[in-house]
Structure formats: structure tokens, C-alpha cells
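A.B. asks: The opening position of the sequence shown corresponds to residue 72 in the numbering used here, with each subsequent residue numbered one higher.
Treat the hints as calculated values from the structure; they're not laboratory data. Check the hints yourself; a few may be wrong.
[What the hints assert, rightly or not] Ranges between beta-carbon positions, derived for each pair:
| no. | residue 1 | residue 2 | range |
| --- | --- | --- | --- |
| 1 | Lys123 | Ile100 | 28 to 34 Å |
| 2 | Arg108 | Lys168 | 49 to 55 Å |
| 3 | Ala91 | Glu127 | 28 to 34 Å |
| 4 | Glu127 | Thr164 | 20 to 26 Å |
| 5 | Leu118 | Ala178 | 49 to 55 Å |
| 6 | Gln81 | Leu125 | 18 to 24 Å |
| 7 | Glu165 | Arg108 | 46 to 52 Å |
| 8 | Lys134 | Lys94 | 56 to 62 Å |
| 9 | Glu113 | Asp87 | 50 to 56 Å |
| 10 | Thr164 | Tyr104 | 45 to 51 Å |
| 11 | Val96 | Thr164 | 56 to 62 Å |
| 12 | Lys134 | Glu113 | 21 to 27 Å |
| 13 | Asp116 | Glu174 | 45 to 51 Å |
[Said to hold, decoys possible] Within a straight-line C-alpha distance of at most 25 Å, the following computed DSS-like cross-link-like pairs (lysine-lysine) qualify:
| no. | residue 1 | residue 2 |
| --- | --- | --- |
| 14 | Lys94 | Lys117 |
| 15 | Lys117 | Lys128 |
| 16 | Lys134 | Lys123 |
| 17 | Lys134 | Lys117 |
| 18 | Lys94 | Lys109 |
| 19 | Lys123 | Lys137 |
Only a predicted model underlies this, so the values are computations on that prediction, with no experimental measurement involved. Just so it is clear, CB atoms sit at the ideal spot from N, CA and C, and this is done for glycine as well.
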Amino acid sequence: MFLGRDFNNQRNYSEDVACAIDKEVRRYIEEAYDECRKLLIENIDKLHLIAKALIEKETLEEKDLKIIMETGSLEGVCEIKEANSEEKETSTTEEVKNAEVVEEKQADAVAKEPAISTTEKI
Numbered sequence: 072m073f074l075g076r077d078f079n080n081q082r083n084y085s086e087d088v089a090c091a092i093d094k095e096v097r098r099y100i101e102e103a104y105d106e107c108r109k110l111l112i113e114n115i116d117k118l119h120l121i122a123k124a125l126i127e128k129e130t131l132e133e134k135d136l137k138i139i140m141e142t143g144s145l146e147g148v149c150e151i152k153e154a155n156s157e158e159k160e161t162s163t164t165e166e167v168k169n170a171e172v173v174e175e176k177q178a179d180a181v182a183k184e185p186a187i188s189t190t191e192k193i
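Produce the complete structure using the sequences and hints provided.
C.D. replies: What follows is the structure, given as C-alpha cells:
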């Protein structure tokens, strides 16, 4: 069956032409598959480095990928990670302080509210 067939229209070519088209499309797909497989096998070490960097950083930028592909190491990427983790620690500390301030304000507001007795009738 021709992969590009539109099921709503009649075709204007013979079964032989449809078969030739199918064979050509299959050839393109198989060539692309083989090339992709070859690239992955040749660069498996870099693929593993990228996976390791993603586990550590969660996201990679173009410059991170260039470092990995050109050097074959995580050396420059790890330095970026350390700088980012310091920034995250600082922002996390600030977020904790902000949350503590909010909690204190809420506690003060609750303390100022009049107490409601459970025995009072509504």
C-alpha cells in the first residue's frame, strides 16, 4: 500500500508506480535509520555524558552541548552546574526567609482575632 495515499481521492497512477514509490520511501527510511544508528554507536560515549549532565542539571543549553561534543567531557558543564547550584541555594534561602515572614504575619493576625468559644450559640 502506498504510504502517501489519500484515501478520499482516486489515484492517477498504476499499481506498479505505487509499488515503486513505496520502495523508494522505504529506502529513504532505512537509510535514515542506518545513519542514525551509526551516529549513535559512534558517539555513544557523548550520549552517556549528555545523559549524565541531564541527570545533574536537568536542562542543558547549547553551550553545554557544544562543550560535551567538542571536548568529550563534562568539565566545563560541571563548573556551570556548581555556579547554578550556588544561585539556587541563595534563592532557596531567600524563599525560606520570605515564607517565615509570611507565617509570622499570619500568626500575628490570628493572635489578634477574638477567640470564638465552641459553646457560643450561632
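A.B. asks: The structure should be examined with respect to each hint, and the outcome stated for every one.
C.D. replies: A quick look at each hint next to the structure:
no.	hint	result
1	Lys123 / Ile100: 28 to 34 Å	holds (31 Å)
2	Arg108 / Lys168: 49 to 55 Å	holds (52 Å)
3	Ala91 / Glu127: 28 to 34 Å	violated (50 Å)
4	Glu127 / Thr164: 20 to 26 Å	holds (21 Å)
5	Leu118 / Ala178: 49 to 55 Å	holds (52 Å)
6	Gln81 / Leu125: 18 to 24 Å	violated (50 Å)
7	Glu165 / Arg108: 46 to 52 Å	holds (48 Å)
8	Lys134 / Lys94: 56 to 62 Å	violated (43 Å)
9	Glu113 / Asp87: 50 to 56 Å	violated (39 Å)
10	Thr164 / Tyr104: 45 to 51 Å	holds (50 Å)
11	Val96 / Thr164: 56 to 62 Å	holds (58 Å)
12	Lys134 / Glu113: 21 to 27 Å	holds (23 Å)
13	Asp116 / Glu174: 45 to 51 Å	holds (49 Å)
14	Lys94 / Lys117	violated (34 Å)
15	Lys117 / Lys128	holds (16 Å)
16	Lys134 / Lys123	holds (16 Å)
17	Lys134 / Lys117	holds (15 Å)
18	Lys94 / Lys109	holds (22 Å)
19	Lys123 / Lys137	holds (15 Å)
Consistency with the previously given hints fails for numbers 3, 6, 8, 9 and 14, ordered from lowest to highest.
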